[in-house]
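> Going by the numbering used here, 74 is the number at position 74 of the sequence shown; the sequence numbering is gapless.
Since the hints were made in silico from the structure, they are not lab data.
You may find that some hints are simply not true.
[Claimed, not checked] Pair by pair, the computed Cβ-Cβ distance ranges are: (1) L12 - T119: 18 to 24 angstroms; (2) D29 - A102: 21 to 27 angstroms; (3) G52 - G30: 19 to 25 angstroms.
Note that this is a predicted model, so its numbers are computed, not measured.
Where is the CB? At the ideal position from N, CA and C, for every residue including glycine.
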Amino acid sequence: MTDANLYWAPVLEFQQKHGCYARLGWREDGLTAEGYWGQLLIMPVQGYLEAGAAPEPIRTIEWVDLCAVRVSVWTEGSANPIRGSFRGHPLQIIDFTDQILAELQGLPLAWEERNGALTTGSINDEPVRTIRFRNPYGPSPL
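Produce the complete structure using the sequences and hints provided.
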């Protein structure tokens with residue numbers, strides 16, 4: 001197993017354990033391409049990461065974002081509903097970013113907390129907190 005594979009192993013574990021949304025940012029033709037949010041983050045083969053669309057070589061990946069939220073049907077008395085619905089029922093977002101941040105303490109990962117927006121099939125640009133993991137094995141910053 002390479003150093004890059006060992007570096008990304010805890011991030012993959014967090015995503016699978018908690019069901020976080022994930023997406024990749026990778027270098028393509030001198031620009032950063034940004035993937036779609038999905039609930040998949042795997043290493044399909046050594047040296048590649050995949051977050052829904054297609055595997056990307058780790059050497060081209062600039063960052064991986066995790067969004068530590070669960071989306072569920074809104075029920076009376078719970079948090080305010082968000083824009084979007086599932087079969088006509090309003091949705092709510094349950095944020096557990098603080099739990100992930102507590103688990104990250106002490107791990108040798110380069111990360112930062114950011115504000116972002118989650119867009120999936122039934123959610124459009126909902127403001128969320130994200131955790132961005134920089135790739136020390138990827139391309140140099142632009």
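> Taking each numbered hint in turn, which are not upheld by the structure, reported in ascending numerical order?
The structure breaks only hint 2.
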